[in-house]
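Top line first, the protein sequences correspond to chains P and L.
Note that our numbering has the first sequence beginning at -14, numbered continuously upward.
Note that our numbering has the second sequence beginning at 23, numbered continuously upward.
You may find that some hints are simply not true.
[Claimed, not checked] Estimated spans, in silico, between C-beta atoms of each pair: (1) P:R13 to L:R266: 50 to 58 Å; (2) P:R13 to L:S243: 53 to 61 Å; (3) P:L103 to L:D189: 45 to 53 Å; (4) L:S243 to P:S278: 40 to 48 Å; (5) P:R13 to L:S142: 54 to 62 Å.
[What the hints assert, rightly or not] Away from chain P, derived, C-beta distances all over 10 Å, residues of chain L: (6) R119; (7) L182; (8) A256.
Derived from the structure by calculation, the hints contain no laboratory data.
Built from N, CA and C at the ideal position, the CB exists for glycine as well.
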Amino acid sequence: MTPLSAAAKTPADAPSEAGRDAWAPLPRRGVRPRAMAGGAMAGGLSGRAKWGLRAASVAIPLAAWLAVGGAGVVDPAFLPSPAAVWAAFLEMAGNGQLASDALASLGRVGAGFGLAVLISVPLGVFMGTSPAGQAFFEPVIGLLRYMPASAFIPLLIIWLGLGEPSKVAILVIGVVFFNTLMTADVVRQVPGELRQVAATLGATGWETVRKVIWPHSVPGVLDAMRVNAAAAWNFVVVAELIAAESGLGYRIVRAQRFLQTDTIFAVLVVIGCIGLLIDVLLRVLRDRAGRWSR
Amino acid sequence: MTLTLSRVGKDYGTRRVLDGIDLTVRPEEFVCIVGASGSGKSTLLNLIAGLVPASSGTLALDGVPVTGPGPERGLVFQSGALFPFLTVAGNVAFGLRLLPLSRADRDRRVAWYLREVGLSALARAYPRELSGGQRQRVAIARALACEPSVLLLDEPFGALDVQTKEDMQLFLRRVWQDTGTTVLMVTHDVEEALMLGQRVIVFGCDPGRVAAEVPVGLPASRTLDVKRTAAFQALRVTVEDLVRAGMPAT
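With the rest of the complex left out, here is chain L (with noise of 0.2 Å):
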């Protein structure tokens, strides 16, 4: 799978709020895009996701190009949009029901991405009852049980204490690297960007556009101490200062 933007741009009214983006996103790969907040960063989510629909360029998958939302482009909102009045094991369960399988394959299914999210003994509480990271587990699992050809995160663990964070990256990085999902994620924190990345891109403000591209050189198998090396602070001084070039003087 390969998810192409083409000259892609997006207007409310008179305002321009992403202008000419290009990005290729290959298969298997995982990108962030950082940006301060006001530079349409989630708003290119929602145009991929197809919620939105571009008013300029064009969006594909594969070559066939984004016409509307649908379940091989999962998308993963920062508050988890878990259905409330579903269990865990039914938000899992939701796009499979809307698919031709038997119970048994359905049930299996879930059951495995229950496990590979570490929330089998939690398949029948109910959004409530689950603290912020756990609702953003099932809210990965959920779009994973489509094996979407791209995964789709906006600012997932935004919500969430330093500690569970830390917890919930190397938890998406072990995901990503067990199901070979491609992601592409949004978030505005650099470190993290740098953490689960293979490619970051820096979004600029007034309109919203591809300020840089940063290969993250880091070695495949990230512990969190991978933040404490002179290569990840380099990085990470590197597009902090790209991210702030590209905001808007005050």
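With the rest of the complex left out, here is chain P (with noise of 0.2 Å):
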């Protein structure tokens, strides 16, 4: 007898069928092999092996490059072979080219991209804290979110010209809706003892954002910054397939003109290291800021 039958003894508490005792047994899930539960198993490689991987995912795309150009199925043309390409890459770096080129568009991307983090992390900030705020911009920014930066390129070089403010401004509208709401979502991710604390210990309201909000966000705003910066390089560039005489985006479409594949490819990966190294860089600032967190 289990307690449960035990127990119910008198009529109402009778189950009104047979009881528990009758059900058939609880079917179980044969035992299955641990290695492949999916989050167990990341934990447990071996940094030899995660090294490996790591090796492995860049060998194996590049070894592929290397066989189809060997095989000779595609016109070098089209799918320059890896030492074209680093011919071209060499041939770039040596005579400054790409050097100027890089230095052009890091340069916007900083003022560009500057200009918007010092523009979204105080308008961020205002309206993780204040109803107000988040009532009147919310709304609006929401809205203009969704319109694509780069769709802005010919209204802004009507405009602003062909210069640099128009290629600014598109990184300026490009990131700096996404960073403000980014920005506001982690100030109010601050919790609320934390600011009732701060008041019961004499801390006035801009004391409180300056002294218990900000610190506690600081390494937050550092992920949405590193977000939008990968997003702020591609607009650069986009910015610069446009309109431009200088930069990476513009040696792509001059290379283009020419028919220069492999010089296209060696900018591209140009692009793509240089955005790895931002990302990096960001990185390791948000993990200093973050020791607290972790």
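From the two separate chains plus the hints, produce the assembled complex.
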């Protein structure tokens, strides 16, 4: 007799049909190999295996590229060999073109992304801390962020001309709305108890923003900046593809005119590497700022 | 310092959570509020802290009406609510940094409170490195550093294991005696209330109200052994019955 059925003595408590004793045994799922339990496996990977997989992640596409080139099935004018791309890279690096193009693009990102951060972070903190600020800015920013920044390029060229201001403006438009909303989200995640405790310790509203909300938000703000730096790096190249006299995007358009696919490939790889470098730098910065949270 | 509550009520929408609370806490007193969950005892603490406005009645500290939060009414949450981005010393110094104090003066005060709560060795640790009991010690030191007229404790040991909790009870009694701070503590643990308080206020539910007041006539110097005495157990039965009587019928 199980305790359950033993307890069910009174008519009101008695099950209407057969009790727990009459149930069929609960079916069990077979024991499956634990190695396949996705999440559990990730932690168990040895350092060596991890580096092996990381190397393979780059080596396999590279090998495929070499194989396709070597087989001669694709016209090298469309798909240049790694050797040709490397030669194009060395030529650009040698005559200083690469450095000046990269600096031109980085300078635009620095100005445009920097300006966007200067606008969006204070605005995001304001939206995150003030219900009125949230109610006023959220609808318009929510709408604007769905308008693709690249679609503003023709308009901005009409307004600002072909020079630097139109390129900086593209970057600002592409980054500022997303970064504002993401910053506001980070700020809203500061636990209410921390604000309350700051108030009971004598902090004014502004002191609470400066001494509690801001330091608590810095790692999250840097995370948002990392995501949006990637977008900024994309936008600068797009802007340079359309109208520019310098920059990595401009170099691609030039190469296209002369069917120099090897140069296009080389510039693409450089764009990817610089993007990765920006990401790593911001991640280091974030980990330093967020030491307390790990 | 005297904390005086007169006919204090609180409504959330049409629901009355506190009704006609009259309460006086005298200087250097240790008062505990017990009651079932839903009796509005935490809400009352938030009203006294000034985090939530009362719907009716008056709250005053030494005759000055409570209109908002302030360091003269220090509040400690069940979670501790430590600033995770500040070290232990940084947390304790938080309120002092808002005042015009010299660095030397501030450091001296922080060091004194860290020693008082037994955490001098962990001054440079971050909250995530601390145990639950250590966090509550920091939270209490942080509130005390502002020299509050009354220390408000909202279930400060509710999340701790039994052994740590008993340690913390002895610790809190010692700190209370060392600093002479007036303490008003909310707990659902009757034993804890009797162990710590000089007076226990029992809250009833629906709406939250003062159902009874029980003086705790136990010796001033209490050790954990006091919990085993007949006098303590008798008080415990009395208060537990009062708490149960105040619970809504199911």
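How the hints compare with the structure:
1. P:R13 to L:R266: 50 to 58 Å: Given about 44 Å between the Cβ atoms, the range is violated.
2. P:R13 to L:S243: 53 to 61 Å: Holds, since P:R13 and L:S243 (Cβ atoms, about 59 Å apart) stay within the stated range.
3. P:L103 to L:D189: 45 to 53 Å: 50 Å, holds
4. L:S243 to P:S278: 40 to 48 Å: 43 Å, holds
5. P:R13 to L:S142: 54 to 62 Å: 55 Å, holds
6. R119: 8 Å, violated
7. L182: 17 Å, holds
8. A256: 34 Å, holds
When each numbered hint is compared with the structure, violations occur for hints 1 and 6.
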